[in-house]
Amino acid sequence: MKKLKFLTLIVITILSVSCEDSFLSPELKTGTSGDAFYSNDQELEAAVINIYDGLQGVNASKITSSNLNHATQVEFYLTEMRSDNTRTKSQEGEAAQFESFSIEATNGIVADYYRSFYDVIFRANVVLDNIDAASETAAGKIEGEAKFLRAYAYFNLVRLYGDVPLITKVIAPLDTETAFTRINSTEIYALIIEDLQTAIDNLDDSFKDRASKAAAQGLLAKVYLTLPTPNYAQAQLLCEEVLDPARGFELLSNYSDVFFSERNDEILFAIGYEQGDNNNSQNFSAEWLNSVGRTSGVNYATTDVVTALEEMGGERTQHTYRIDPFQPTENQAIKYLPNGESGGDNGRTFSSDAQAAGNDWIVLRYADVVLLHVESILGGGESTSNSNALTSFNSIRNRAGLPNDADGVITKEELLNERRVELAFENKRLFDLIRMGEAVNVLSEFATTNGYSFSSTDLLLPIPQREIGLSKGVLTQNPGY
Amino acid sequence: MKNNRNINKIKSTAGLLTAIFLLTISFSSCDLEYDVAGTASIEDLTPPSAFFAATQNSGSDEAWKSYTFSNQSNSATQYNWEFAHSSGEIITSSEIEPEHTFPGEGDFVVTLTASDNLGVESVYSETITVVMPLVPTVITPVISEWAFEDGTEDGGDTLGCVFIQEDGTPKTPKNDGTNCWRILGATVHNTSSDGAYTVPFDNTSGKTQGAKYPATGEGNDRASYQALTVTPNIKYVVTFHYALKNEGDKVRVGILNGWMDNASELEATGFIAEADGAVSLGKNNFTEVTFEFEANATGEIAIWIDNVSTGDTYLDNISIVPAP
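Chains as they are written, first to last, in this note's numbering: chain V, 53 to 533; chain P, 24 to 347.
These are calculated hints, taken from the structure and not from any lab test. Every residue, glycine too, gets a C-beta built ideally from N, C-alpha and C. Hints are not guaranteed to be accurate.
[Claimed, not checked] Subject to a maximum C-alpha distance of 20 Å in a straight line, what follows is the list of computed EDC-like cross-link-like pairs (lysine to aspartate or glutamate):
hint, chain 1, residue 1, chain 2, residue 2
1, P, Lys88, V, Glu434
2, P, Lys273, P, Glu317
3, V, Lys464, P, Glu311
4, P, Lys258, V, Glu382
5, P, Lys88, V, Glu490
6, P, Lys258, V, Glu434
7, P, Lys258, V, Asp459
8, V, Lys464, P, Asp84
[As the list claims (entries may be wrong)] Pulled from the structure, derived: some chain V residues nowhere near chain P, Cβ distances all over 12 Å:
hint, residue
9, Phe58
10, Ser91
11, Leu218
12, Ile219
13, Gln286
14, Leu290
15, Thr359
16, Ala360
17, Pro377
18, Ile429
19, Gly431
20, Lys464
21, Asn493
Sequences are here, hints too, so could you generate the full structure?
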């Protein structure tokens, strides 16, 4: 009997408690939750900063758990090392798959970057889903910033992986259909253009390590030139707006200052890093040197790029690569020496922590836009002698201590070469070759010379096998993998 | 003793089970047959799929005839390409990504057969239409009423311009050499019989109709505007003839960096290039002016003509042609 009474009491208690609505979804009183958090400008601003944090990526030397997102810090593997500019020093391991065009769908770096950039998109979508909470005065800027960053992420994904899933809002974990259905790149580009237009309308030029109007215009110009059917006129107009002296951008007279004086007049958009701060520093500066980072040395200059730099680089050459002081048969990229330190006589001795470098990663700079201006006037042709194109082209050459173009006619090849030596080791080369339709020619020849095997399907990375596995058969692989 | 007996029991049970087990094996083993796995005994779960994309080459004179083929097949190990020429000849290749030169313009069927090591095949074919790329033509803009003549013949309104007035209604064309030169916010030029000879240039006058811009600042200011489309970023030469009555007067021809809806947008639009006629030889004594400009990114430009003068100024025979 005693037991029965006790049981009855329990049942009654349960019943009475369960009558409350919030029993199964109690309101969180002791902390914050995603559902209720984004309720004012300040909280949305925090969410915007969170997008930049995603882009920054985790410093793998300082926070070593695997499967974290390293985002921008591993971008050079997928871009520069997949071009004729750089390779690993050891030519071994997963990292060496890039230089030899023999990437496996299981490559961890390919999966890392893919995951990282969808994380950036997720973070941007969080802001955009909650934009209603912003005040009227702040809404435009917050929306513009989030859309610029989302467009930048999609632009990188669509150029690297081809058709990719298009996610424009925060989706539920079980929404496999949206998360894994590959959408035609035409639609991806349509979103990129729309997002960048919004960014242009809502932003000004007050930041260099956050989104700005100039950055959005420059990026959109590049997007217009990258489209399967390029829009040369729109690209030219956008470049000319950024080139307007009233905007305050210029080529620095000293090329080396571009990389070692942060937020200078040549920067349109850079991803900021903080020296010595485990959460906000980067390790790629160390990785590019001889066993200073976790690897024995990656993103080392190829003989091919060294020849090009010696031939056409002018004053830029000495600030772009050096002979590895520790291993004089090899050549290192030196635009991002950790915290501006050369590493002493052996190139490996630093007073600061080289693995926690603060060098900002330059995404877009004025010189890039100046050469995009030439490219838009060239308009897909073989050459141009237009005076505006020549003015832009020669300004880049003159800064490097080189004379004006000799015959007053800029050919496509000259433009590609100029871009190569001006923007070497800045993750531009591969995209330049693809955009100007020379990737297959140039990379096949490069592969033959170096004993690699290249085919045109190598221009797209594989979709990470891990994602295909998660997709329950929805996500399809790129040809050739 | 009790314990011992139990052990014996267990032993005998175990013996019996073993015997049954062996017996079962020996019986059933008589029925066992093994198949050696042969070719195609297991279904090909990853059959090949053939696909390719073709890109026309560019560069030197004959480069347009050759194409680079991008092999986008999946799960295949061998490839066979067939390029069917119109002569009936079929050229084959087993390269992964061949480059092929076609004999010339025409439709050619290209077939790719991709197969894997199990002998499963997939075929994809596509007709490639080889066309010699057009040499980009440079536009020579048609300037309607270039000689400010009446009518709709050459020199007059060959395009049939209709001017939309302030109230939104179209103005009835007068065909008097002013149809195409009007814009809101400005009064169009007068026409005058004191124009220049038409081309070729002759420095005597009175032969054809021309445009007249009277003294400025007296409430009778006049200007002319005509929107044109040219090829972006290409260099053009502008030519016009003018005559001035008084010393110190000038007439201006400018190329606007875009189209306008109203003359008030003049300053915001700005000139790509402009030239003044400022040599005063008196009425009926015309001077020829030429100047160059480079078209903007869109190719949307416009002609603007106005004057600063104390007396009548005359303008005629305006042309824009690509620079040689």
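Cross-check of the supplied hints:
no.: 1; hint: P/Lys88 to V/Glu434; verdict: holds, 17 Å
no.: 2; hint: P/Lys273 to P/Glu317; verdict: violated, 24 Å
no.: 3; hint: V/Lys464 to P/Glu311; verdict: violated, 39 Å
no.: 4; hint: P/Lys258 to V/Glu382; verdict: violated, 48 Å
no.: 5; hint: P/Lys88 to V/Glu490; verdict: holds, 17 Å
no.: 6; hint: P/Lys258 to V/Glu434; verdict: holds, 17 Å
no.: 7; hint: P/Lys258 to V/Asp459; verdict: holds, 17 Å
no.: 8; hint: V/Lys464 to P/Asp84; verdict: holds, 16 Å
no.: 9; hint: Phe58; verdict: holds, 49 Å
no.: 10; hint: Ser91; verdict: holds, 43 Å
no.: 11; hint: Leu218; verdict: holds, 22 Å
no.: 12; hint: Ile219; verdict: holds, 26 Å
no.: 13; hint: Gln286; verdict: violated, 8 Å
no.: 14; hint: Leu290; verdict: violated, 9 Å
no.: 15; hint: Thr359; verdict: holds, 22 Å
no.: 16; hint: Ala360; verdict: holds, 20 Å
no.: 17; hint: Pro377; verdict: holds, 41 Å
no.: 18; hint: Ile429; verdict: violated, 5 Å
no.: 19; hint: Gly431; verdict: violated, 7 Å
no.: 20; hint: Lys464; verdict: violated, 9 Å
no.: 21; hint: Asn493; verdict: violated, 8 Å
Checked against the numbered hints given earlier, the structure breaks hints 2, 3, 4, 13, 14, 18, 19, 20 and 21 and satisfies all the rest.
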